[in-house]
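Student: For reference, the chains in residue letters:
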Amino acid sequence: MLLSMKETILVVGGGIAGMETAVQLKALGLTPVIVEKNSSLGGHVAQWNRLFPDMTPASKVLDPYNDALKEVDIYTDTEIASINSLQKEYAAVLSNGKTLRCKAVVFATGFKLFEAEKKEEYGYGIYDRVITNRDLERWFDTRSDERVPAKPAAIGFVHCVGSRDVKAGNSQCSKVCCITAIKQAIEMKELFPDTEIYCFYMDLRLFGKKYEDFYINAQRDYGIHFIRGRVSEVAETIDGRVQVKAEDTLSGKPVKVKLDLLVLMSGIVCDRANNELARSVSLPLDEDGFFRSLDNIAGVTCTDRKGLFLAGTCTGPKTVPETLAEARSAALNVYQYLKAKKK
Amino acid sequence: MIYQGKQKIWSDYQKDIPDNHWFYVRSCIRQSFFPASEAYFVKIVRDLLGKDLYETPHHTTCGGIAYHSDTIPQETAMTIVARQFALMKEAGYKNLVTSCITSFGNYCEILETWREFPELEARIREHLWKACRREFDKPEYVCHASDVVFKLRNEIAERAKFRLIDKETGEPLRIVEHIGCHYSKMFPHKGVGGAEYPCVLSGMAESWGGKVIDYPERRHCCGFGFRQYMVKANRGYSVSNTHKKFESMEPYHPDMIITNCPGCPYFLDRWQYVISEQTGKTYGKDGYGIPVLTYEELAGLVLGVDPWDLGLQIHQVGPEPLLDKMGVPYDPSKKYLGLDEKELRKPGLPNVLKCC
Amino acid sequence: MIDRLANGFDPFVIPFMVGMIFVLTYCGIGFLVILFQLSREDRKRFLLSLVNPVTAWKNIKDIFLNCLIHVKLWKRNRMLGFMHSSIAFGWFMIIVLGHLEVWLFVPERIRLLYYPIFFNFFVAETETTLQGAVFFFLMDFFLLLILVGIGLAMIKRIRSRFFGMRRTTRASLLDTIGLYSLWAIFPLRLLCESFTAHISGGSFLTVPMNHFFRWFFGNELNYLPTWWAYSIALGIFMLVLPFTRYMHIPAEMLLIPMRNAGLKVRHPRRGFARIQVLSCPGCGVCIDACPMSVRKENLKDCTVYLNRQIRHHNERRITEISEKCLMCGKCSEVCQVGVDGPLMRLKQRELKKYSINQHYRNIRPDSFPVEGTGKVLYFAGCMTHLTPSIRKATMSLLSKAGIEARMMDPDGGLCCGRPMLLAGRQEQARELIRLNTAIIRSSGCDTLLLTCPICYRIFKENYKLDGIRVVHHSVYFNELIQSGLLKVSKDESRTLVYHDPCELGRGCGIYEEPREALLAAGNLVEAHQNHAESICCGGSLGSLSLNYEKRREITLNAFENLTAEQPDAVVTACPLCLNTFSHYADRPVEDLAVVLDKASES
Amino acid sequence: MDFGFTLSPSSAIELDTLDSALYRKLCRIEPGARTCIGCGSCSATCTAAEYSGMSVRKLLLGLQRGKKAEVERMLSNCMLCGKCTMVCPRGINTRRVILTVCRLYDNVEGTL
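Residue numbers (my numbering), protein chains in the order written: chain A, 1 to 343; chain B, 1 to 356; chain C, 1 to 602; chain D, 1 to 112.
Careful: at least some of the hints might be erroneous.
SDA-like cross-link-like pairs, simulated, lysine to any residue; straight-line CA separation at most 25 Å [stated by the list, open to error]:
id, chain 1, residue 1, chain 2, residue 2
1, B, LYS281, D, LEU18
2, B, LYS244, D, ARG65
3, C, LYS296, A, VAL166
4, C, LYS353, D, CYS27
5, A, LYS253, D, CYS36
6, C, LYS324, D, ARG103
7, C, LYS324, D, CYS27
8, A, LYS258, C, SER367
9, C, LYS400, A, ASP239
10, A, LYS175, C, LYS296
11, C, LYS324, D, ARG90
12, B, LYS244, D, PRO9
13, C, LYS300, D, ARG28
14, C, LYS400, A, ILE238
15, A, LYS253, D, LEU61
16, A, LYS253, D, ALA69
17, C, LYS353, D, PRO31
18, A, LYS253, D, LYS67
19, B, LYS244, D, PHE3
20, A, LYS118, C, LYS550
21, D, LYS25, C, ASN298
22, B, LYS232, D, SER8
23, D, LYS67, B, SER240
24, C, LYS352, D, ALA21
25, C, LYS352, D, PRO31
26, B, LYS281, D, PRO9
27, A, LYS253, D, ARG65
28, C, LYS550, D, ARG24
29, B, LYS244, D, ILE13
30, C, LYS324, D, PRO31
31, A, LYS253, C, SER367
32, B, LYS94, B, ARG125
33, D, LYS25, C, ILE356
34, D, LYS67, A, ARG228
So, partial list: chain B residues that the calculated Cβ filter (under 8 Å) puts toward chain D [stated by the list, open to error]:
id, residue
35, PHE187
36, HIS189
37, ARG235
38, VAL239
39, SER240
40, GLU277
Derived by calculation from the structure, the hints in this document are not laboratory data.
Glycine included, each C-beta is placed from N, C-alpha and C at the ideal position.
Use the sequences and the hints to build the structure in full.
Tutor: Okay, here's the thing in structure tokens:
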């Protein structure tokens with residue numbers, strides 16, 4: 001049975017994690033409030049065109065929320081100025097001046113895409129033909145980006161840009177780039193069947209359901225070339241293309257290739273903007289800058305602070321399904337927590 | 001090594017071997033390398049155990065060596081084989097027993113090919129008919145002579161005069177069994193015990209009192225490998241393979257090696273000499289090599305046949321240490337006398353390897 | 001004035017004499033040894049410089065200004081300057097005046113070493129003369145000066161921050177003994193002279209004290225023990241001196257003429273290096289200066305400790321320190337004595353033996369053909385190939401200025417050799433220099449443009465490229481701007497801070513040109529420590545052993561120093577600094593060329 | 001006696017017998033060496049690669065696989081320029097690795 005409790009729950013962040021949490025909380029009879037710093041909901045997924053491994057349109061994931069969130073209060077273009085813990089609840093001061101009293105807070109603040117400029121040797125923002133995975137997704141939507149040539153003869157994908165790289169201050173694996181690269185490579189191949197496509201990888205980490213099949217397709221049906229070597233240098237050629245230098249570590253020989261488009265797989269990194277927020281409610285951060293869960297097995301969505309919960313990529317790189325699952329469990333955590341308090 | 005595990009595998013690879021009425025086809029090279037082996041196989045099976053074993057003087061090579069050395073196409077080999085089948089049909093036999101492992105492999109391979117491509121079989125029938133107006137039936141059973149001995153191993157054991165036991169210590173002899181590659185590596189189900197842990201030879205060794213040792217390179221080829229040996233430029237590989245096997249079995253101090261293939265005993269035996277000349281190393285006790293016997297020779301010894309009648313003097317590696325251990329009596333002075341007591345020419349002795 | 005004692009001797013002078021004779025012989029022998037350790041031509045050059053009036057005069061001047069007045073220290077830190085010069089100069093004057101007195105009043109005693117020191121003990125004042133009064137006054141004055149200095153020294157011991165020093169060296173046992181004996185000397189002298197003031201005369205300091213004592217003690221017999229104590233303090237000080245930091249007093253007097261003679265460190269232990277090591281007063285200024293000091297574990301890796309380890313012959317530590325150093329050159333920049341720490345380390349590195357010795361015989365210069373005819377040859381260098389923004393901006397600026405330039409290494413070339421040089425492997429460096437020289441010569445250029453200070457320095461210092469101008473892009477572009485060839489529009493709203501790369505600033509003395517150039521593009525603020533005192537970015541190729549995570553704090557600290565004024569962007573002129581900073585930067589880090597390129601119209 | 005053919009050496013890497021003393025010593029001095037993920041950035045960016053096949057990745061692998069001789073050849077052209085250090089995603093101090101190997105190559109027990 002449902003406890004009839006109309007307590008307000010603050011959900012920080014309006015990405016899929018935040019939205020799903022809110023939907024579930026609503027279903028559990030609670031009153032979620034979403035605070036989103038951007039002008040629209042949907043977070044990173046909204047900036048994606050299609051999702052692996054089934055080429056699901058991102059809209060298919062997002063649209064249902066339009067109805068589902070009808071009765072939920074949503075503050076967009078709003079940030080959390082501060083959160084103060086009171087006796088039994090929290091008081092959140094919003095940048096729009098409002099103050100929210102809430103029984104619990106779910107942080108669904110998400111991640112930041114690594115700024116590819118930081119890996120200068122790849123020449124993002126310097127060369128005309130270098131874009132990131134996000135740029136490419138946007139291009140899939142808009143089909144307008146002067147950096148993407150009309151008829152590319154060769155395209156390269158660089159995995160692990162800003163992931164597994166201490167120099168980028170980010171030693172962990174971003175988990176989704178390998179499969180994203182394969183997805184985008186396939187999409188490009190579908191658009192430009194005659195184009196040679198190269199993926200430069202350190203290790204291919206295709207752990208998820210159907211990922212390996214996806215990889216096999218890319219190899220067998222689309223003839224995408226996989227080169228085990230991390231790109232070390234990118235230079236501009238006389239004709240405005242880019243020349244990529246890497247080592248084909250499997251043959252132990254250096255490889256050079258001229259490309260019309262180089263796509264950098266920017267990784268998932270923590271959003272430093274959350275540090276202040278975390279400090280204000282004295283939530284600990286991990287050394288990688290993400291929120292620290294109570295534990296990494298059974299308590300991923302819990303914290304050691306009463307009434308504070310975590311959902312989605314604010315605790316580390318995750319796929320969309322993982323994020324949704326966590327959002328649901330976070331909602332349940334909140335419910336259990338309030339139920340326990342009632343008794 | 002878990003013995004039960006091996007038995008489990010063996011039970012999976014049971015091969016039904018007819019217990020009588022065999023059509024025996026000899027090996028090309030064994031007749032010159034180990035003439036006594038085939039002779040004593042026939043003696044043991046026919047005279048000692050009184051079975052029906054038929055062989056015909058019209059039998060020729062099966063073409064296996066030529067085929068594996070890339071000198072004749074498979075269809076030629078098939079036609080030759082078809083002729084052997086025809087001979088068997090004419091003699092009224094259905095159970096083919098080959099003395100040679102390569103032949104065995106060759107027969108199996110051809111029969112399997114025909115099963116997959118009947119049209120090919122038809123064409124071969126045509127070839128055979130055109131060539132020599134003969135017709136053939138496919139054999140009901142194809143087995144190797146060692147299968148037969150394996151089948152009869154216990155009967156032999158009952159009649160044994162000597163057992164594979166060190167008469168000094170009473171310990172069972174440590175025996176390396178080496179199976180010819182073409183016996184079961186092509187078709188595991190056509191070999192007793194399959195390809196990984198074949199028990200055709202180990203079965204004999206154990207029922208005659210010996211103890212089989214498992215060493216890491218047990219599965220490894222003897223090194224003959226047809227082209228590897230026959231093209232002189234490749235012989236380095238051939239001997240290196242053999243060397244690898246000996247290096248791997250050395251720590252187990254084997255008393256003997258038993259084989260069921262024409263090439264293996266020859267190369268395991270002769271390469272010991274070459275290795276000793278090149279590296280100065282021998283693998284037996286105090287300068288001797290490890291005696292390499294065919295299963296027939298071993299059966300002969302067990303049944304008390306005189307070593308020299310078994311032609312052990314033709315081996316490069318002297319069998320004496322083994323004979324001493326088993327307690328088989330022998331007369332060194334007679335070692336190089338032929339059957340008719342006539343003096344065979346005594347071979348020159350190697351520099352390193354001790355032979356007698 | 002007349003002798004009080006007929007024989008002019010009293011046993012209490014013995015401790016002093018022992019110490020004095022010991023120290024003189026020790027230094028004499030040491031001097032000869034070092035002289036012997038010099039290479040023949042160095043020795044010749046040094047001895048000649050001594051008789052050459054010009055250098056001779058320079059020597060005297062420098063010794064006076066540095067050893068006695070401590071001019072450099074004054075410039076750096078008034079407190080410290082005053083403290084040191086008061087003691088040094090005061091003491092010097094007391095000795096000089098002592099000799100004058102003897103020479104004037106009892107000339108027959110001039111040959112006795114101890115006489116000038118204990119003058120007041122041995123003489124009696126017959127009648128007061130103006131001359132005497134003047135001397136007594138001066139004596140007291142300088143004694144007072146010294147005592148003030150000593151006072152300050154004591155305060156410094158207790159609270160070094162009071163002197164603006166964050167860290168200072170920890171003194172060894174002998175150092176402490178030397179220190180306390182030194183401190184003891186002058187108060188004791190005051191006592192002695194006060195006791196004898198009514199006999200041998202005194203002045204504003206000693207006379208009143210004398211009256212006080214006489215009133216207090218009555219009889220005057222108890223003055224002998226104080227003279228003993230005084231002599232003993234002097235004796236101890238001089239006995240331990242060679243084994244303490246105070247060795248720098250005599251050593252520096254040799255170092256200065258040697259440096260003026262143009263001698264350089266050839267071997268990390270012998271000859272000139274030895275005298276450098278001995279001249280290190282262990283003041284510890286280099287500890288605060290060393291960029292590595294931000295990590296506690298590195299505190300003992302700066303030059304003062306290198307010198308100490310060399311004096312202790314601690315081979316393991318010497319190697320460790322020599323290989324860790326970033327070679328940023330800041331320690332020698334701030335050093336009062338002018339100890340060239342980096343050079344010592346470099347020479348130490350050169351001693352290392354390798355079982356694999358690189359060579360480049362298989363590389364032929366003609367495999368790097370330089371196309372085109374432009375008179376300006378741009379050598380990007382290894383580092384710039386990993387910072388394409390610099391390369392792109394440089395080429396674009398050149399074309400904007402309408403200069404026909406060519407790249408020497410469009411698809412990567414050879415290393416300039418500086419890294420090998422810094423690793424102490426001259427042989428390899430020389431070979432690379434030979435190769436690159438051939439390539440440059442074959443190109444027929446008249447200007448070699450460099451965007452990397454590491455390259456720039458070696459091209460400037462070690463290459464023989466007569467007829468070809470070697471220029472760093474900061475200088476070159478500044479000229480283009482000043483000469484109007486390059487039109488740069490100033491963005492008033494943007495404040496920039498310029499980071500002086502070690503190799504460019506301290507290394508090649510280029511400080512102003514980059515700033516001038518930047519002023520054309522935006523407003524400039526200065527880092528907390530700048531110019532010759534700028535802090536190494538931590539990425540330096542100079543260090544052979546520091547690894548990435550250990551360089552982190554160094555970089556962060558350097559960056560903090562840069563952003564003290566909250567500039568919008570940090571500008572540097574070195575690809576390595578750029579790369580290093582951008583790993584941790586919280587605001588844009590750009591190369592000078594990039595800033596100018598953005599601000600200039602084509 | 002000459003047979004006209006000889007034992008041909010095995011190409012196998014015998015992990016349990018190979019000599020990795022140099023590698024172990026190297027790792028004591030520069031533990032970072034153990035963290036190589038063999039991405040090949042160093043080899044690709046190397047200035048000397050095209051002359052001597054220089055590659056820190058291969059260097060580290062070679063030392064672990066007991067292929068000392070190759071290592072020597074590889075190092076012969078290194079210019080110590082430090083590009084490999086700059087691109088290494090694991091922040092390995094490759095220049096120290098190189099210098100250490102050059103120093104200890106013939107005398108593994110030698111000190112630094």
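Student: The structure should be examined with respect to each hint, and the outcome stated for every one.
Tutor: Hint check results:
Simply put, LYS281(B) and LEU18(D) have alpha-carbon atoms about 22 Å apart, close enough for the 25 Å limit, and the pair holds. As the CA atoms of LYS244(B) and ARG65(D) are separated by approximately 21 Å, the hinted pair is consistent with the 25 Å bound. With a C-alpha separation of about 23 Å, the suggested pair LYS296(C) and VAL166(A) falls inside the 25 Å cut-off, and the hint holds. The suggested pairing of LYS353(C) with CYS27(D) holds, with an alpha-carbon distance near 20 Å, which does not exceed 25 Å.
Restraint check: the Cα-Cα separation between LYS253(A) and CYS36(D) comes to about 18 Å, which is no more than 25 Å; the hinted pair holds. A C-alpha spacing of about 16 Å is found between LYS324(C) and ARG103(D), which places the hinted pair at or below 25 Å, so the restraint holds. With a C-alpha separation of about 18 Å, the suggested pairing of LYS324(C) with CYS27(D) holds against the 25 Å cut-off. With a C-alpha separation of about 22 Å, the suggested pair LYS258(A) and SER367(C) falls inside the 25 Å cut-off, and the hint holds.
For the proposed pair LYS400(C) and ASP239(A), the alpha carbon gap of about 20 Å is at most 25 Å, so the pair holds. Pair hint LYS175(A) plus LYS296(C) does not hold up; C-alpha atoms about 37 Å apart against a cutoff of 25 Å. Between the alpha carbons of LYS324(C) and ARG90(D) the distance comes to roughly 20 Å, so the proposed pair stays at or under 25 Å and holds. Distance check on the hinted pair: LYS244(B) and PRO9(D) sit about 10 Å apart at the alpha-carbon level, within 25 Å; holds.
Under the criterion of a C-alpha separation no larger than 25 Å, the hint pairing LYS300(C) with ARG28(D) is consistent with the structure, at around 22 Å. Distance hint between LYS400(C) and ILE238(A) is fulfilled; the C-alpha atoms sit about 18 Å from each other, no more than 25 Å. About 15 Å separates the Cα atoms of LYS253(A) and LEU61(D), which keeps this hinted pair within 25 Å; it holds. Taking the CA atoms of LYS253(A) and ALA69(D), the gap is near 19 Å; set against the 25 Å cutoff, the hint holds.
Pair hint LYS353(C) plus PRO31(D) holds up; C-alpha atoms about 22 Å apart against a cutoff of 25 Å. Between LYS253(A) and LYS67(D), the direct Cα distance comes to roughly 18 Å. Compliance with the 25 Å bound is thereby established for this hinted pair. As the CA atoms of LYS244(B) and PHE3(D) are separated by approximately 19 Å, the hinted pair is consistent with the 25 Å bound. With a CA separation close to 21 Å, the supplied pair LYS118(A) and LYS550(C) stays within the 25 Å bound.
Note on LYS25(D) and ASN298(C): the hinted pairing holds, with a Cα-Cα distance of about 24 Å set against a maximum of 25 Å. For the hint pairing LYS232(B) with SER8(D), the CA-to-CA distance comes to about 13 Å; that is within 25 Å, so the pair holds. Using a Cα cut-off of 25 Å, the hinted pair LYS67(D) and SER240(B) holds, with the two alpha carbons roughly 21 Å apart. Distance check on the hinted pair: LYS352(C) and ALA21(D) sit about 21 Å apart at the alpha-carbon level, within 25 Å; holds.
For the proposed pair LYS352(C) and PRO31(D), the alpha carbon gap of about 22 Å is at most 25 Å, so the pair holds. Distance hint between LYS281(B) and PRO9(D) is fulfilled; the C-alpha atoms sit about 16 Å from each other, no more than 25 Å. A distance of roughly 19 Å separates the Cα atoms of LYS253(A) and ARG65(D); the hinted pair therefore holds under the 25 Å criterion. For the hint linking LYS550(C) to ARG24(D), the alpha-carbon distance of about 22 Å falls within 25 Å, and the restraint holds.
Note on LYS244(B) and ILE13(D): the hinted pairing holds, with a Cα-Cα distance of about 14 Å set against a maximum of 25 Å. With a C-alpha separation of about 16 Å, the suggested pair LYS324(C) and PRO31(D) falls inside the 25 Å cut-off, and the hint holds. Between LYS253(A) and SER367(C) the CA atoms are separated by roughly 20 Å; this keeps the pair inside 25 Å, and the hint holds. A threshold of 25 Å between alpha carbons decides the hint, and for LYS94(B) with ARG125(B) the separation of about 18 Å falls inside it, so the pair holds.
For the hint pairing LYS25(D) with ILE356(C), the CA-to-CA distance comes to about 16 Å; that is within 25 Å, so the pair holds. Distance hint between LYS67(D) and ARG228(A) is fulfilled; the C-alpha atoms sit about 22 Å from each other, no more than 25 Å. Hint on PHE187(B) is violated. Least Cβ distance to chain D is approximately 29 Å, over the 8 Å limit. Given hint, HIS189(B) at the interface with chain D, is violated; its Cβ is 31 Å from that chain's nearest Cβ, farther than 8 Å.
Because the closest C-beta pair between ARG235(B) and chain D is about 4 Å apart, less than 8 Å, the hint holds. Evaluation of the VAL239(B) hint against chain D yields a held restraint, the C-beta minimum of about 6 Å falling below 8 Å. Given the 8 Å rule on beta carbons, the hint for SER240(B) holds: about 5 Å separates it from the nearest Cβ of chain D. The closest approach between the C-beta of GLU277(B) and any C-beta of chain D is roughly 5 Å, which is under the 8 Å cut-off, so the hint is satisfied.
Consistency note: the structure conflicts with the earlier hints numbered 10, 35 and 36.
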